[in-house]
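Residue numbers (the numbering used here), protein chains in the order written: chain P, 1 to 337; chain E, 338 to 518; chain D, 519 to 1251.
Simulated from the structure, these hints should not be mistaken for laboratory data. Treat each hint with caution, since some may be false.
Unchecked claim - Ranges between beta-carbon positions, derived for each pair:
| hint | chain 1 | residue 1 | chain 2 | residue 2 | range |
| --- | --- | --- | --- | --- | --- |
| 1 | P | 96 | D | 1014 | 31 to 39 Å |
| 2 | D | 927 | P | 20 | 57 to 65 Å |
| 3 | P | 97 | E | 446 | 27 to 35 Å |
| 4 | D | 1165 | E | 399 | 44 to 52 Å |
Unchecked claim - Pulled from the structure, derived: some chain D residues nowhere near chain E, Cβ distances all over 10 Å:
| hint | residue |
| --- | --- |
| 5 | 633 |
| 6 | 647 |
| 7 | 717 |
| 8 | 728 |
| 9 | 757 |
| 10 | 819 |
| 11 | 829 |
| 12 | 885 |
| 13 | 889 |
| 14 | 1033 |
| 15 | 1131 |
| 16 | 1169 |
| 17 | 1193 |
| 18 | 1234 |
Where is the CB? At the ideal position from N, CA and C, for every residue including glycine.
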Amino acid sequence: MTVLELTSNRHNPGIDPLLNAWGWEIAVYLFLGGLVAGSLILGGYRVLKSPRRQAGESYPWGPLLGVLLLSLGMGALFLDLGHKLSVGRLYLTFQPTSPMSWGAWILLLVYPAMLAAALLYPPERVPFGNAPLARVRAWSEWVHARPRLVQGIGIANLAGGAALGLYTGVLLGTLGARPLWNSAILGPLFLISGMSTAAAVLHLLSMVGANAKQDSFGDLLLSGLVRLLNKDTGKSSMVRYDQSFMTIELALIGLWMIGLLTSTTAHRAAAALLLSGAWAPQFWSLVVLTGLVAPLVLQHFEFIGRIRHTVIPPLLVLFGGFFLRFIVVGAGQGSHW
Amino acid sequence: MARFAMVIDTALCVGCSDCVVACKTENDVPEGFCRDWIEEEVRGTFPTVQLTIHSSRCNHCSSPPCVSCCPTGASHVHEGGVVLVDHGKCIGCKACIEACPYDARFSHPDGYADKCTFCIHRVEKGLLPACVAVCPTHCMHFGDLDDPESEVTQLVRSRPYHVLTPEAGTQPNVFYLTRGR
Amino acid sequence: MNRRQFLGIGAGALAAAGLTSILGGERARAATLAKSGLRTIPTFCDLCFWKCGAVATLRDGKLWKIEGNPLDPLSRGRLCPRGTGGVGATFDPDRLRRPLLRARVRGEEKWNAVSWDDALGYLALKLEAIKAAHGPESMAMFSHGLGGNFLKHTLKAYGTTNIAAPSFAQCRGPRDVGFRLTFGDDPGSPERTDIANARCLVLIGSHLGENMHNTQVQEFAQAVGSGATIIVVDPRFSVAASKAKHYLPIRPGTDTALLLAWMNVLVTEKLYDAEYVGKYGYGFEPFAASLAEFTPEWAYPETCIAPEIIRETAREMARHRPATLVHPGRHSNWYGHDTQRSRAVALLNALLGSWGRRGGFYVPAQMDLPGYPYPPYPKSTKAKVDNPDQRHPFAYEALTTGIREATITGKPYPIKGWMVYATNLVRALPDERLTLAAIQELDLLAVVDVIPSETAGWADIVLPESTYLERYDDLNVELFREPFIGLRQPVVESPDDQKPNWWIARELALKLGLARYYPWKDIEEYLSTRLEKRGYHLADLKRDGIVLGKKQPIYFEDGAPAEFATPSKKIEFWSSQLQQHADAHPGVKGFDPVPRYEPPEPCPSGAYRLLFGRAPVHSFGRTQTNPILHDVMPENELWLNAGEASRLGLRSGDRVKLRNQEGIESLPILLKATERIRADCVFMVHGFGHTAKGLTRAFHKGASDVQLLTRIKVDPLMGGTGLNDNFVSVVPV
Ligand SMILES: Nc1nc2c(c(=O)[nH]1)N[C@H]1C(S)=C(S)[C@@H](COP(=O)(O)OP(=O)(O)OC[C@H]3O[C@@H](n4cnc5c(=O)[nH]c(N)nc54)[C@H](O)[C@@H]3O)O[C@H]1N2
Ligand SMILES: Nc1nc2c(c(=O)[nH]1)N[C@H]1C(S)=C(S)[C@@H](COP(=O)(O)OP(=O)(O)OC[C@H]3O[C@@H](n4cnc5c(=O)[nH]c(N)nc54)[C@H](O)[C@@H]3O)O[C@H]1N2
Ligand code: SF4
Ligand code: SF4
Ligand code: SF4
Ligand code: SF4
Ligand code: SF4
Ligand SMILES: [Mo]
């Protein structure tokens, strides 16, 4: 006999009637964390490939933007903490079984990696006070004089980015109580999505930079990486990167769903939440269509020259990247055994 | 080590929520929250109906995901297998809330994660947990499963039982007796 | 640390320590508590009329919790959820705090706070005025529960004779009259039901487990646990039904048909206790003959219970007799001919030989503790107003609804004042409109309550009482398995200007010049005087909360006296009293000397019969503002059969309104679409849907049944108000 009526008189806020302990703050954190992780990976790659600054390039603003965005993400995470005064407790211990503990330490390691990467590419001038710049340039030279160190910085950025990107997914994946999250694919999915959003940001910056006058602050913001990639692969490289990240992302989402659908009843019900259930409208419209299919199609036509190259596709990618996190967090809490 | 467990005879439970009320007063559970609660399942079609009533709370799982996910060590396994939260260490990240398949935890208005403690403060004084001590139907039993003489051991030895959502793999220590009629 | 050290005591004894809290253990516990800033004070509960012995614990001088007193045979150390949550009453922010005088219009709920002196002075003036103009009988009093004893004393001294409680005409009156007509005694309160030892327990509507009368629920669980056969008759699949071997989903209002058919089977199959009937019975032959027509086949179309089920359950009852208890119920005002139904219940028990027997109805014992020796009350020349010409000849208590009617009509003489103690009349009496109409006729409505109830909202003067945890009350000299005396004593002080009933009653008496009725100065003196007369000491009661008397035999087989206070001194299968009445008033219906079946009003199509009952965490309408209990159940739900709900396009969680046969609409209520109820009726928990503005926490939460109960069938025998003949349609909002 199937259960016909189930009632409970539990009434805990944030838990009942539907679990909602994690809200937008966590989604924002996961999104920004993923984005920064992506940019770390791309940045690390750049350091290994080309440790020196190219002419006219203002690379340091990329990693520094990463520092800013990651701090915003951690701010959101902090907002979510119930017991803010105790936050230091995270760093008085290391809990090997807790991805959150791993995450806390990864976050701590990622900051120096990003700052070191920035140090490798000091700008020629800054729009404000040039005095301290000289000292920064001296430090930069000191580092550049040690190639092993430069290589280390590159690897640290690559590894830190991978760890950061993977952990956001693994964190959810280990919470076995929520069948929707119960998948090893969530790590790679969030990693790839992070890279795709990072590429989208760079893409956007490159377009802003391309449209701006030389020497303007917009140009300063322009990532050296964009230049590098442009030089390596030609005009439409960003579009190509975007396309491949998004294709992989679509494939991973497909695999994730297939994994759930071939598992227990609870997992099937969890997948159904996204595919046909309460979260399906948002999932299909915001994540799949707007965030992945639309930019893929648009960029394809941009690429073959049928339409004009606009900021719309990368904006859609960012939009989709955020809602992927938002919906995974929300729907995951709605899935249960 | 002791292994504390609760054994609940659902055939006797009338769903009166006395256990819920007693927990609220004993543990100063803030208004609007509860550490234990009553679940009712109705199967069948009138008048051939089956009603099952459970008093639920943290299962003090032997394999507690709420402990393994905790980044600060605030959630821990106390003596006797009792899963507790050290309020001072807890940062209120709610990972443990997400990790519990029974939704047994909640965010205390003071910020930390809270849940049933098996009334360890009473148990350590030789008293029964408040909910067990109040139950007017005497359908709840509490004791040490490592003690072969204890009432709970005798009960799970002699009677069929089940745990809630065993498929979640947490190895709960709240056992529900099933009575064949 | 090893396990045993950790536990402090042997692990095996751990459970036992809590389960069978022994005397010594309790004392030792109190000693350890004192060391930890904890203090325990015994008292007894007042969340309902069961009066369980309790122990309150204070932590650093502040009230923390309340638990059962292990010495008390009623609670056996465990309170029901309402009792456990009772501490919430003391910190309920909605409490009344100061005496209040109505500012302008009645019912506007606008007040001026006044001093006790002014309040009682005003009250005394009003009472004197009523006495001068109409006589003291024109001042009526409504009082529910033990707390009203002193105020009743004051008003009796003043001269009133019209004092009533809803516990008769709205609660257990029909049952008690039905049993008295049969056995010469009633089941009492606490009921003398030996549920723990019953081998077969028949519950007809008695929804134990939802109805939380503590000892009964504990014993019910004992019976279930020991494998007793449970038979539940209820149109709703109650919690008790879920424990039953036989659940009989009866068509509402047809229980008498089932009872007659059961008795028909017992008699025709000669399964009854012939020896018992022969020894104690009177008029069995004509009774047995009268059953002939009431076959299970006859009952089937009435009750919807198949004949073979009726036979099977009757045989099951017979198999376990005399340890078969057909529970007498309590709230028995259902259909307006309830005394006869209750008589049928009594007779079924008589056939099974369960009255006075182990596993049936025991013979209760009471301590011999006389009342306080007061001077006699003034004699009245006027008959009581509630039951003119004894039109309900078997009403042995005053009828609330009779006083209400007299207040409206002014006949047989006017009622000009109501003193209301601990009863929310507007919500306890059916048809709110009539209660409000009666209030319009009053010169004085005085209400003593702890929260601003609906009735208080209409009052001219509201007196705030201390809660039961803040006061002494009269002694509880209980009739039970073993005799005992219970003490209620203050555990904490009242937070504001609330006063205990004994103080209010005494001060009012002094203001009325009735000092000679209060020879004692304070309550401790009163209690001591009563106790010392029989050699008991207040100090002992203050320490233990209870003194137990000597156990006495409680079953006939053990030597309890088999006495029946009926005219024949026997169990009256044929009621000589009813026969007498029928002879004296030929043509008056309903007084048959043996029960007959009267079918209920048919249910109009498209409508549902409105049924109601209890929820375990609430007492009537008095606990909805209690912060702890409100938390567990903030509102009630409308139970509607799942099939009917889907036919109406409604789902659980929808809000609906109820419209009764007169078009009166309820407040919105959550729908519970469920397989746990018949398709021809709906059910809700009584006590919700408050409309008093001061009950902020409970205001407009859920719906009230009372407003919808506008068709009242009055029991001709005793004037009880049958409330289950109202029909509602379900309207989505
Ligand atoms: N429609 C409908 N009507 C019913 C019933 C039903 O189920 N449905 N049930 C009937 C039955 S069985 C009964 S017994 C009656 C019960 O009827 P009542 O006894 O009138 O029940 P309540 O409505 O709870 O009203 C009790 C009042 O006493 C107040 N009170 C509580 N504690 C104290 C105290 O310590 N001191 C003072 N001074 N006041 C206090 C409460 O605040 C409340 O206003 O109702 C009957 N009427
Ligand atoms: N928690 C809690 N417990 C209480 C109280 C309380 O307020 N709260 N009040 C106490 C008091 S004073 C009283 S009087 C009792 C009342 O409690 P009881 O005497 O046990 O029950 P009733 O209120 O008469 O009846 C309610 C039950 O009868 C069923 N019923 C309705 N109509 C019919 C019918 O035609 N035939 C049959 N067979 N069943 C029917 C309903 O579905 C419901 O299950 O509860 C006492 N216990
Ligand atoms: S107190 Fe006992 S009977 Fe009541 S709900 Fe809890 S477990 Fe069930
Ligand atoms: S029930 Fe939940 S909170 Fe309790 S131990 Fe198990 S996982 Fe942890
Ligand atoms: S909320 Fe507290 S107890 Fe729970 S995981 Fe976070 S730090 Fe640990
Ligand atoms: S064991 Fe204690 S904390 Fe846990 S539910 Fe029972 S009363 Fe509450
Ligand atoms: S039955 Fe419950 S509410 Fe009534 S007196 Fe006992 S503990 Fe109090
Ligand atoms: Mo009652």
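Evaluated hints:
no. : hint                         : verdict
1   : P:96 <-> D:1014: 31 to 39 Å  : violated (57 Å)
2   : D:927 <-> P:20: 57 to 65 Å   : holds (59 Å)
3   : P:97 <-> E:446: 27 to 35 Å   : holds (28 Å)
4   : D:1165 <-> E:399: 44 to 52 Å : holds (48 Å)
5   : 633                          : holds (33 Å)
6   : 647                          : holds (46 Å)
7   : 717                          : holds (16 Å)
8   : 728                          : violated (8 Å)
9   : 757                          : violated (5 Å)
10  : 819                          : holds (17 Å)
11  : 829                          : holds (18 Å)
12  : 885                          : holds (25 Å)
13  : 889                          : holds (33 Å)
14  : 1033                         : holds (42 Å)
15  : 1131                         : holds (14 Å)
16  : 1169                         : holds (15 Å)
17  : 1193                         : violated (5 Å)
18  : 1234                         : holds (33 Å)
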